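Using the hints provided, position chain B relative to the given structure of chain A.
Heads up: the sequence lines are chains A and B, in that order.
Residue numbers for the first sequence follow the working numbering, beginning at 1 and rising by one.
Residue numbers for the second sequence follow the working numbering, beginning at 292 and rising by one.
No wet-lab data here; the hints were simulated from the structure.
Note that the structure is predicted; figures quoted are calculated from it, not measured.
From the three backbone atoms N, C-alpha and C, an ideal C-beta is built for every residue, glycine too.
Covered by chain B, per the in silico footprint, the following chain A stretches (three or more residues, Cβ under 8 Å):
hint: 1; stretch: 34-44
hint: 2; stretch: 47-53
hint: 3; stretch: 220-226
Just the calculated beta-carbon pair ranges, DEER-fashion:
hint: 4; chain 1: A; residue 1: 48; chain 2: B; residue 2: 422; range: 28 to 34 Å
hint: 5; chain 1: A; residue 1: 137; chain 2: B; residue 2: 391; range: 27 to 33 Å
hint: 6; chain 1: A; residue 1: 48; chain 2: B; residue 2: 406; range: 27 to 33 Å
hint: 7; chain 1: A; residue 1: 251; chain 2: B; residue 2: 330; range: 56 to 62 Å
hint: 8; chain 1: B; residue 1: 306; chain 2: A; residue 2: 11; range: 46 to 52 Å
hint: 9; chain 1: A; residue 1: 134; chain 2: B; residue 2: 307; range: 39 to 45 Å
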Amino acid sequence: MAERPKEIRKRIKSVSSTKKITKTMELVSTSKMKRAQDRVQAAGPYTAKLDEIISAIAGGGTTLNLPLLEKRESVKKVLILLLTANRGLCGGFNANLIRLCKNTHAEQKAKGRAIRLEVVGKKGNATLKFQGYQIERSIADITDKPSFDDARRIVDPIVKLFTSREIDEVLVVYPHWKSLGAQPPTVKKLLPIEPPAAAAKGGVKSDFIFSPSAADILADLLPRYVTQTMYTMLAMSSAGEQVARRTAMKSATDNASEMITHLTRTLNRARQAMITQEIAEIVGGAAALQK
Amino acid sequence: MSQATLQVDIISPEKPVYSGAASSVVAPAHDGQVGILPGHAPMVTRLGIGEVRVTDSAGAARFAIRQGYLQVVGNKVVVLSEDAKAIADLKGVKPEDLARLQKELSETTDPAIRAKLQADLDWLKACDRLLQGV
Chain A
1 MAERPKEIRK RIKSVSSTKK ITKTMELVST SKMKRAQDRV QAAGPYTAKL DEIISAIAGG
61 GTTLNLPLLE KRESVKKVLI LLLTANRGLC GGFNANLIRL CKNTHAEQKA KGRAIRLEVV
121 GKKGNATLKF QGYQIERSIA DITDKPSFDD ARRIVDPIVK LFTSREIDEV LVVYPHWKSL
181 GAQPPTVKKL LPIEPPAAAA KGGVKSDFIF SPSAADILAD LLPRYVTQTM YTMLAMSSAG
241 EQVARRTAMK SATDNASEMI THLTRTLNRA RQAMITQEIA EIVGGAAALQ K
Chain B
292 MSQATLQVDI ISPEKPVYSG AASSVVAPAH DGQVGILPGH APMVTRLGIG EVRVTDSAGA
352 ARFAIRQGYL QVVGNKVVVL SEDAKAIADL KGVKPEDLAR LQKELSETTD PAIRAKLQAD
412 LDWLKACDRL LQGV
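Bound-form chain A, shown alone:
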């Protein structure tokens, strides 16, 4: 027993206070996670309805020439938008997203495309900057509760770049919310808009009255669709962050508990050894006196 009981006690104290912190963080993330999850689900109906109206128009057989739908023949410049968290202590959440972003970056570069990199969140920004990537725009003021205005703020300049043909494609790297247990980092093409799946069904609902004309509605609706997609991705990102943090903090708390058990055991052993030694000394001393 190299360590003395006093030192072990000190370590137990410090581990327990760390455990208190991780436990609290776990609880905080749990409640934030629930709200973030609700937000992801609440965004669903709007997206579904937008999809439906867009499909109704696109499926009506109208051929439309809209810039946001236009697939460029030769893609020269790609914009990669990475969504990360502002804070750490959430396990591999940020690292996984950044890795996927770097892979995508390399992939696009291999295809000979110029890349414009935009990053949301302090973590991604700091890491990529440190590794020597050139970041053209970084957004760090998105909170745990992303609003529709936040999405608008991110997307508007991007849409402008796309319509002015400075950018031919927009890819977003974000954690896709499949369920509470799975939010894999995903690459999604934001622009040009891929026609919604339902549109392929063709002129089912062509008997709609459109006011103003279908083309006008679609021209106005598509940017909203892009913003809504962005909003959903922001909500997913914030929910994913909370899930990751909860898991990380839960395992930290478990580890701390384990460590405390272990240290307590060591402490008891050290204490007993000390007592034994003291008794041995007393007995030894008494025996020496009796001689």
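Same frame as chain A, but now just chain B:
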């Protein structure tokens, strides 16, 4: 068919605002008021700024809408709007905000910014009007 009712959903990006049955809906379309009764033809229309009134047997529910879309299919009415609030949830409009917007509007010349300011101003005015119950 006279007993038919409408199923009305008012949805904003952040959350569904209202869902329920109704006998009629009046909404501010981009070119004037539009009224919808059961049996309406399928329609998609752009909305302006103003009040959506959902009437059922118990009375009317009122919502403030700032642009968006209205879709009618069968007897289902869907209102999509980035800004949709129940009138009861509206915050009071401060006169100084109105004055500030008015001032900014008179000072800007960029048509895109002007359009946005005008929309902001119309929205505030509409909120004000709705709150006063006119």
